[in-house]
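Colleague: Given the sequences, and given the hints that come with them, work out the whole structure.
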Amino acid sequence: MLKELDLVATFWANDIDFRRAVDVIPARKLDVRPLISVCYELEHIQQAFEVLRADRGSHGKILVDCS
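The C-terminal residue of the sequence shown carries number 67 in our numbering, and the numbering is unbroken.
Just so you know, these hints were derived from the structure itself, not from any lab.
Some clues are possibly wrong.
[Said to hold, decoys possible] Estimated spans, in silico, between C-beta atoms of each pair: (1) 34 - 55: 17 to 27 Å; (2) 56 - 27: 14 to 24 Å; (3) 50 - 27: 31 to 41 Å; (4) 29 - 61: 13 to 23 Å; (5) 2 - 29: 34 to 44 Å; (6) 16 - 41: 11 to 21 Å; (7) 66 - 18: 28 to 38 Å; (8) 64 - 19: 15 to 25 Å; (9) 31 - 4: 18 to 28 Å; (10) 3 - 29: 33 to 43 Å; (11) 53 - 29: 26 to 36 Å.
Given the structure is predicted, the values throughout are model-derived calculations rather than measurements.
The beta-carbon is built from N, C-alpha and C at its ideal position, and this holds for glycine as well.
Modeller: Here's what the structure looks like:
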């Protein structure tokens, strides 16, 4: 049985900002950990969405670990 998933994401940046972030974050020039409210493994993504729906205003970013 196959399960189809739709992954919807938004971001508020242009190409230049994205490229800058791709350079800065791995180099650890910017600590992004304070921006992340919580991290979920991919298998628990439904719980992550439920948390977002229940309390929309209290989360910065929710990170989904796909590894």
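Colleague: Are the hints correct? Go through all of them and say.
Modeller: Hints, verified against the model:
no.: 1; hint: 34 - 55: 17 to 27 Å; in the structure: 19 Å, holds
no.: 2; hint: 56 - 27: 14 to 24 Å; in the structure: 32 Å, violated
no.: 3; hint: 50 - 27: 31 to 41 Å; in the structure: 35 Å, holds
no.: 4; hint: 29 - 61: 13 to 23 Å; in the structure: 18 Å, holds
no.: 5; hint: 2 - 29: 34 to 44 Å; in the structure: 41 Å, holds
no.: 6; hint: 16 - 41: 11 to 21 Å; in the structure: 32 Å, violated
no.: 7; hint: 66 - 18: 28 to 38 Å; in the structure: 18 Å, violated
no.: 8; hint: 64 - 19: 15 to 25 Å; in the structure: 22 Å, holds
no.: 9; hint: 31 - 4: 18 to 28 Å; in the structure: 36 Å, violated
no.: 10; hint: 3 - 29: 33 to 43 Å; in the structure: 39 Å, holds
no.: 11; hint: 53 - 29: 26 to 36 Å; in the structure: 34 Å, holds
The structure is inconsistent with the numbered hints 2, 6, 7 and 9, although it conforms to all the rest.
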